[in-house]
Amino acid sequence: MPNIFDVGSSALNSLQRAISTTGNNIANANTDGYSRQQVSFASRSPQYLGGLALGAGVEVSSIHRAYDQFLAADVQARTSSSGYFSFYATTTGQIDNLMADPATGLASAMDGLFAAMEAVASSPTSQPERQVMLAEAQSLATRFNKVDARLSDLAENTNQQMGVFVADINQYTQGIARLNEQIARLERTPGGSPNDLLDERDRAIEALSKLVRVETRVQDDGSVNIFTASGHTLVSQFTADSLRLEIGPQPDGPARVYLSGIGGAERDLTSVSLGGELGAAFDVSKTVIDQTRRDIGLLAVGLVETFNAQHRAGDTLDQVAGGDFFSAITPLSTASPTNSGTATATAIIDDATQLTGASYQINYTEAGVTITNLSTNQTQEIDGETLTIDGLSITVSPASDETVGDRFLIEPTGRAASAMSVVITEASDIAAASSGGSVGDNQNMLSLIDLRDANSLRGGTQSFYEVHGSVVSQVAIDTRSARTNAETEQSLLQSVTDRRNGITGVNLDEEAANLVRYQQAYQAAAQIITTANDVFDSLLRATSR
Amino acid sequence: MIGRISTLQFNNSGISTILEAQSQLARLQEQIGTGKRILSPADDPSAAAKLINLKSELSRLASEQKNIASITSALSFEESALNSANDLLQRVRELAVQGQNGTLADSDRNAISVEIDELRAQLLNLGNSRNAAGEYIFAGSATNAPAYSEDGTFQGDEVVRQINIGAGVRVAEGHTGVEVFEDPDGVLNTFAIIEQLSNAIRQNEAPALAGRFEDLDEAIEQVSYVRTSVGSRMNWVDDQAALNENFNLGLNRTISEIEDLDIAEAIGRLQLQMVSLQAAQQTFVKTQNLSLFNYL
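Chains as they are written, first to last, in the working numbering: chain A, 1 to 545; chain B, 1 to 296.
Worth double-checking, as some hints may not be accurate.
Capping the alpha-carbon separation at 30 Å, the derived lysine-lysine pairs in DSBU-like fashion look like this [stated by the list, open to error]: (1) B/LYS66 / B/LYS36; (2) A/LYS146 / B/LYS55; (3) A/LYS286 / B/LYS50; (4) A/LYS146 / B/LYS36.
Hints were generated in silico from the structure; no laboratory data involved.
One chain only, chain A, in its complex shape (with noise of 0.2 Å):
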């Protein structure tokens, strides 16, 4: 008899935790990464009584998160392959936008210079003429410096944003690493998974993913183990390695990003793919940013060496051999912090037409000096003191004992388009005639307005407008592919994470429906209740007569 009171309470307890649930459900509709949580109700086992097995009631077996870890694992997935793509489109499109941008256009400005030299070739006598062509010179070396001004504010920039990517990475990856020690806790203890904790690591391992691509593992203990794509491990059960970030020399300089393992040697991570936001502002700040500069240093470099070649060839109004007409640029040569300091390595241009646009690296080794081009990653020997490559001519200290390790960054055009600028200040220093030409004569100038169609760059293949035009071309094409990308990824993202939400995301018309239920059920076993003490109340009456 005492039993009836049992069941119906057991009914009660375990009705109460459902709509309980169903509250927290409710309550959490609106909360991003949060899984509905579901009861199962079990029967209780049997009493037996006289041979009978007599029902027990029913008790909550569990309450679990509505999850589905290949779904999940797909959303971590796109979440990275979307920030890669999102991060790229972005910062691509800022040079995009920097290209189109009337106030820093260089065609135009070439423009501008060559119609001026048209109308000094017209009357090469006119003062007012030559002013003009030395103002419009004056706007195209300001030009090129303003681009490049953009340029390394966009480098400088994305250095920045490494910089809080690589916080937030360490942020989440120690976060996880925290989670992990108390889920495994709780998984020690009977009474059912962790839910909540379990939602709160899924969220930082989606938010991780964002910056960086990961590869996840689910360990025994019910920890999660995070790796790069790469394979190098983030957290491990429940320790997290930390990235680090090193940018320079220069705030706008190319970073590296290290991972340090506890008690362990760094590891360089800088030439391994992310992926995530985290990769794609390495590889847009290497393949656009660095070689958009390099391009267009490549062309004030080719105008500034093949305009004064021409301008030295003619006569100045006064009718003496003309100078340089832009200040010649010579590469940079960096030297690694890290040098002895006796060992110097400088490069001068020998030939514009040969440049690459590429930067090299020399390297002092025990058994000599290299030099390797950093975008094709060649290396070669520098026999002897002096090495002529591309164009260039590298000259070398010897090498020692004492400068085994020592590095240099040799940048022809790395930086060059921020170096440019007119050096002629006397309208008539222009070289308008022909060597030994009167002053009415205008050959030069006319040899001058050739170079805008002559093939002076690229090993002779490619005039100014070209190499323009194929930088602004090839910025638009990794806009657009990376815009297109970006576009695809995001809608693949949005349809997994749409399947995903579908299993594990609160529907509030359900829940209404499991409260309405619920609600009738509990009605009912406290009905069971009422029936118990009837059925008791009658039998103390008749026993009590």
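Model the placement of chain B on the given structure of chain A, informed by the hints.
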């Protein structure tokens, strides 16, 4: 097909439909506002590269048209100088014919000589003509000094300025004094001929005078030859100007085809886009009220 959908997702997808429609609307607005189909090179990379070349070509054409204007004015200036030179030489010839008359008194001959000397001085002035920029137009490229000295000696050089007037087309801006006032063999000089004529008349040397007539006719011929050359050069320059103008029109048409927006079509799309945004907004508002809780 998704069987089950979460309430959050239901909300979000309604909102993202609205956001998507809004961003497309904003882009259309920008396109219509600027009248341009291509807002940045990435919108159409190959067209963008082409546009840069076409616009640069336009700028070059503008320079060439300016050059044509300046060369046309230089040629007409030269032409008027040559016309005057021709008039002067014809007058010299008339006077020389008068001077041939053996019955003339010394004083008459002297008067004729004086007038011829005067005409020679005028012709020398023409030879030393200066353009608006102050350049001596017949001095070759030595434009800062007179082409001829007082005694009629050429002091310039024989370099004539070449000017770009079309793609790969260069034209000489004028002629040197040598071309106008001296014979191709470099033996005869118009100023010397006139001086000799004048002297022969003054001193009544009939044979010397007769010998100079042929030379004078050659000098007149020379000037009219250069005049013809100026005329044909002007025609050439005019033709090139017309050619450039056509090219200019063609370039502008191509640029417009590439970068300009089809406004009528864009407005049509704008209206369609507005309708779909409205629909998305209305749908969102209506569906937001649907909840089972309303009936509990």
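The hints, checked one at a time:
{"no.": "1", "hint": "B/LYS66 / B/LYS36", "result": "holds (29 Å)"}
{"no.": "2", "hint": "A/LYS146 / B/LYS55", "result": "holds (22 Å)"}
{"no.": "3", "hint": "A/LYS286 / B/LYS50", "result": "holds (27 Å)"}
{"no.": "4", "hint": "A/LYS146 / B/LYS36", "result": "holds (25 Å)"}
Against the hints set out earlier in the document, no violation occurs for any number.
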